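Number of protein chains: 2
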Amino acid sequence: MSAPSELEDLIELMARLPGLGPRSARRAVLHLVKKRALVLTPLADAMAKVAETARECLNCGNIGTEDLCDICQNEKRANGELCIVEDVADLWAMERAAVFRGRYHVLGGTLSALDAIGPEELRIPKLIDRVATESISEVILALNATVDGQTTAHYIADQLEHRVKVTSLAQGVPIGGELDYLDDGTIGAALRARKTV
Amino acid sequence: MSAPSELEDLIELMARLPGLGPRSARRAVLHLVKKRALVLTPLADAMAKVAETARECLNCGNIGTEDLCDICQNEKRANGELCIVEDVADLWAMERAAVFRGRYHVLGGTLSALDAIGPEELRIPKLIDRVATESISEVILALNATVDGQTTAHYIADQLEHRVKVTSLAQGVPIGGELDYLDDGTIGAALRARKTV
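Order-wise, the sequence lines are chains A and B.
Using the numbering used here, the first residue of the first sequence is number 1, and each one after it goes up by one.
Using the numbering used here, the first residue of the second sequence is number 1, and each one after it goes up by one.
Warning: the hint list may mix true and false statements.
Since the list gives no way to pick one copy over another, a pair counts as held whenever it fits inside one copy or between any two copies.
[Said to hold, decoys possible] Cut-off 25 Å, straight-line C-alpha distance, at most; resulting in silico cross-link-like pairs (BS3-like, lysine-lysine): (1) 126 x 34; (2) 35 x 49; (3) 34 x 49; (4) 195 x 76; (5) 34 x 165; (6) 195 x 49; (7) 126 x 195; (8) 126 x 35; (9) 35 x 76; (10) 126 x 76; (11) 165 x 195; (12) 76 x 165; (13) 34 x 195; (14) 195 x 35; (15) 126 x 49; (16) 126 x 165; (17) 49 x 165; (18) 35 x 165.
Calculated directly from the structure, the hints in this document are not laboratory data.
This structure is a prediction, so every number in the text was calculated from the model and none was measured.
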């Protein structure tokens, strides 16, 4: 064994994080031990705090510290718009863009026949329930532009047809994108959705 | 703000680790929250434990949980060989190779005129002290084959001249290495150090 067992335990746990392997986990742990007061102790405290307080919002699936997340508690965001995202990371990405002022619904994944994930495994029944009980004027599908994401979007659009207006994010050339580097599908979608200048 | 402040604090701290940036720190924290019982709580506990127990060995600079590390406490490793490494990570790498049965001395860096790191900033005075007081028959320089590493190796060899036998790791073609992909310096070193078959 190359390190004391306490350190080996920590390295083994760190190596389970996405983006870190055994080698980078060792590097991170050595860094932690060297910067004990500055990083290790605050990090251990922050983790213990999050382990204790973080919970899923019972309404939308976002992560917060109470039964209802900050966004579901904020009355100013009850503007009738409901944005459907796959994951909390996507919700955070939308919030960083700071352009959406409504509320969210986190599915917790996408439909996948291969992985046996049907509507009941996601938060889709809860979504249909919310559309029926909350005053929602528009459901905005902000799912990833992948095959699974788009399959899920179609399924949700079918389920909500005639109940509420359903829209989805526009597809086209990303800001700063160069045509030469874009795939054919994106160029095709951008051409079909062309706008009068 | 996109996440509750407890999570933002944790993301900010995680992003300070080597190998993780803001985006991968967010991914790691989401993973932690989802795998609370399996990863987050054990990780917080392991970190608190390391923060409390880990300390530098007073003799060699290795990381352990007592004043003297496991290797310095192990009488079987007092075979007269002392391996000099730059960093604890290098000591771990040597231990993983499981070919060295002596003791170590961790310098804690390399000499660097640019960063104003002289012998006093490293554990070099302690090394000279150890060579004078412990029964050491051979000092093996296992420093990185970088400019700073080799400068430091030359300095130490000078300091210990006539006091003890000083050797250094061989340079040559790494196991599995292909000549076509090796740099000129390595090929030159391997040719100069050629051996009779």
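Outcome of the hint check:
1. 126 x 34: Between copies only: 20 Å across, 47 Å inside.
2. 35 x 49: Classified as both; 20 Å inside a copy, 15 Å across copies.
3. 34 x 49: both (23 Å within a copy, 15 Å between copies)
4. 195 x 76: neither (32 Å within a copy, 79 Å between copies)
5. 34 x 165: neither (56 Å within a copy, 32 Å between copies)
6. 195 x 49: Answer is neither: 50 Å inside a copy and 60 Å across each miss the 25 Å cutoff.
7. 126 x 195: Neither way: residue 126 and residue 195 sit 36 Å apart in one copy and 74 Å across, limit 25 Å.
8. 126 x 35: between (45 Å within a copy, 23 Å between copies)
9. 35 x 76: Answer is neither: 43 Å inside a copy and 32 Å across each miss the 25 Å cutoff.
10. 126 x 76: within (22 Å within a copy, 65 Å between copies)
11. 165 x 195: within (22 Å within a copy, 79 Å between copies)
12. 76 x 165: Close inside one copy (21 Å), not across copies (77 Å); limit 25 Å.
13. 34 x 195: neither (57 Å within a copy, 42 Å between copies)
14. 195 x 35: neither (54 Å within a copy, 45 Å between copies)
15. 126 x 49: Neither. Shortest intra-copy (29 Å) and inter-copy (41 Å) distances fail the 25 Å Cα cut-off.
16. 126 x 165: within (18 Å within a copy, 75 Å between copies)
17. 49 x 165: neither (41 Å within a copy, 54 Å between copies)
18. 35 x 165: neither (53 Å within a copy, 36 Å between copies)
Consistency with the previously given hints fails for numbers 4, 5, 6, 7, 9, 13, 14, 15, 17 and 18, ordered from lowest to highest.
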